[in-house]
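Participant: Sequence:
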Amino acid sequence: MTESGGAIGHKVIPLKKWLWNSYISAALIPLLLIELTFLGIYWGTGEFVYDKGAQAVTEMSRDALSDAAGREAQTISRRLATVEALTKVYADATGQSLERAPDASDAEKARYAYGPDGVFYTTENNGGSAVYFSGIVPVTLEKQDKVWRTAHLDPLMKSIVEADPLIAQIYLNTYDSLNRIYPYLDVLEIFPPKMDIPSYNFYYEADEVHNPEGKVVWTDAYIDPAGAGWMVSSIAPVKSAERLEAVVGIDITISNIVEQVLDVSLAGEGYAMLVGRDGTILALPPQGEKDLGLTELLDHRYDEAILDDTFKPSEFNIFRRSDLGGLALAMQDAESGVMDLQLEHPVMASWSTVAGPGWKLIAIANSDVLLQPSNTLRTTLGTVSKIMLAALVIFYSIYFAVLWGRASKMSASVAQPLAELESDMAEISAGGTLAAQRVHSVEELQNVNRHLVKMSAKLSAASRAKSAFLSAMSHELRTPLNAILGYTQLLQMAEGQKIDATKMADLEQISRSSTELLLLVEGVMDLSRIEQGTLDTSFEAVDVVPLIRHAFVALKPLADAKGVTFDLDVPHGGETLALTDAGALKRILSQLISNAIKYNRDGGKVTARLRVSEDDTLWIDIQDTGVGIPEERQQDVFTPFERIGHENSSVSGAGVGLSITRRLIEMIRGHLTLTSEVGKGSIFSVQVPRP
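According to this note's numbering, the residues represented by the sequence shown are 258 to 948, in order.
Everything labelled a hint here was simulated from the structure, so no lab data went into it. Incorrect hints may appear among the rest.
The calculated lysine-lysine pairs, modelled on PhoX-like cross-linking and capped at a C-alpha distance of 25 Å, are [said to hold, decoys possible]:
#	residue 1	residue 2
1	K496	K451
2	K274	K366
3	K937	K819
4	K366	K400
5	K843	K813
6	K862	K937
7	K813	K862
8	K862	K843
9	K400	K496
Using the sequences and the hints given, assemble the complete structure.
Facilitator: This is the structure we're talking about:
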């Protein structure tokens, strides 16, 4: 078996798996392929039926939607034709009135007055129209005659408004900015002084330039200066031999169009909207607002007078919308048609031209709703397929379980001893020890197990010897190192003796090197005790400040060599007691402060800061002004022997300090965090419980 397992290119698999693979290749796979083939045929047939059904439903839906769009367009055209006819009647009557004698009654004349800025206007409502002569052209007595002539139009204006509920208001505007409008409104409150009426679209779109044929035309949607909100107007010119005397108009508000014209019921949760000649959405019902992400403009807050034309914003123009751009281009090329769109969901859109104004009525239906019958059939077929697949899975699961049981029994007599042997090897690899030999019926396996037990015992003894040696060596090194440090400090502080600068520098070097070596030795001792499980901890109330000061004093030679200064930040009256092991916390602080010195910049600073968090635990922050640690390498500093790029630098160390520090912090029930920014330094924060 060893030779086979070591052969080049030979794939080694467990015995049980080998038997299982034999069952699968010989029996299960052919049977499973047959079952899946039949299931695939059933599923494919269902998809074919769905595709054909969906295609048929789609064609019928397209035809029905197209018919609906055409039918509704004709209905709208008829209603608008009525408004156009009334506009023509009103225009003719206005022309006749402008030619008659100015014979208004005294009662009629009594309700007029001059207002600020020369405005001539009606002051009271007698059930007729309101008049606003803006004063941009001085309102002389001759101009007043035009008011008296047109006063006879009031009965006709009232009759036209009452004749069709679609009509909101009716008006006439003259070239010299006379406005007569019905129903009555407070003109001084609504209209601005010196209003130049011919500059508005509801006037100039009927002039010679825009309407050379002099017929009835429709405006785009705009804000009505008379206060009725968003609307469209049917307008017609009134000409004399000399000039364009006036433009008459009948207003239809967008809200009336939505409520009365677009209130249609279409299949597929459908709705209809009106689009103007320039692509502006004139009227959009509530159902379409979500699809297009718009809110229809019906009303308007008249905080100030409307001084010029105000049209709908660009998002209401289908030529400027990416979701409707294809539809806009198609509508340019054809009077009617059908196409698919993707709005909030897939939709089918059909358009038809409204005769007269040349608007487009677009009927939009939800494609998913239209295809609901086909989708229901598809869901049913899919459910049946899933049931069949589930039954197949259950059957083969039971079948596989039976075969697996048989394969297990057949291989148990050989595979079980091999599995136990593998388990023993894994235990040894993990550092464990085999307690006793296993009993096997095969002689070779019994011999291998016996050798493994002996090898495990030898490895365990070697590990204990290594740990004992490290502990003893560290202890033996620590005593002379402490002596070296002590005598060095005595020489440095000796009174009455003169030591030249060279020798003093040598003493400082001895002190620094001894301090670094002592930290390394203490780290090795801690690592050895942790591995042997002999590092005991005793928890008591400990004042943290003396431990920090002790670490500062012990590491002062290292700090002086780099010109690093210390700072201890303890809040006035702040808490300094921790519930911890004093020895372990002392070693933790020494290691963190040592690192803060070694990896600091020359002339840098190390700050120890105490703070109490909201959860009533004590935090000790050790902050340096060094090079910092990149975020992607911050976790690497806790990996043993990892120095993240300082392996060949002049900074001493073996790369085990922070690893040992974190294990010590865990033993004293604390927590260690790291915050660092490249170029600014690092903060190692130790969290310890309070008493």
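Participant: Hint by hint, note whether the structure agrees.
Facilitator: To see whether the hints hold, each was checked on the structure:
1. K496 with K451: holds (24 Å)
2. K274 with K366: The hint is violated at about 110 Å.
3. K937 with K819: holds (17 Å)
4. K366 with K400: The hint holds at about 14 Å.
5. K843 with K813: holds (16 Å)
6. K862 with K937: With Cα atoms ~11 Å apart, K862 and K937 stay inside 25 Å; holds.
7. K813 with K862: Since the Cα atoms of K813 and K862 sit roughly 12 Å apart, the hinted pair holds (cutoff 25 Å).
8. K862 with K843: holds (20 Å)
9. K400 with K496: Distance of about 17 Å is within 25 Å: holds.
Of the hints listed earlier, the one the structure fails to meet is number 2.
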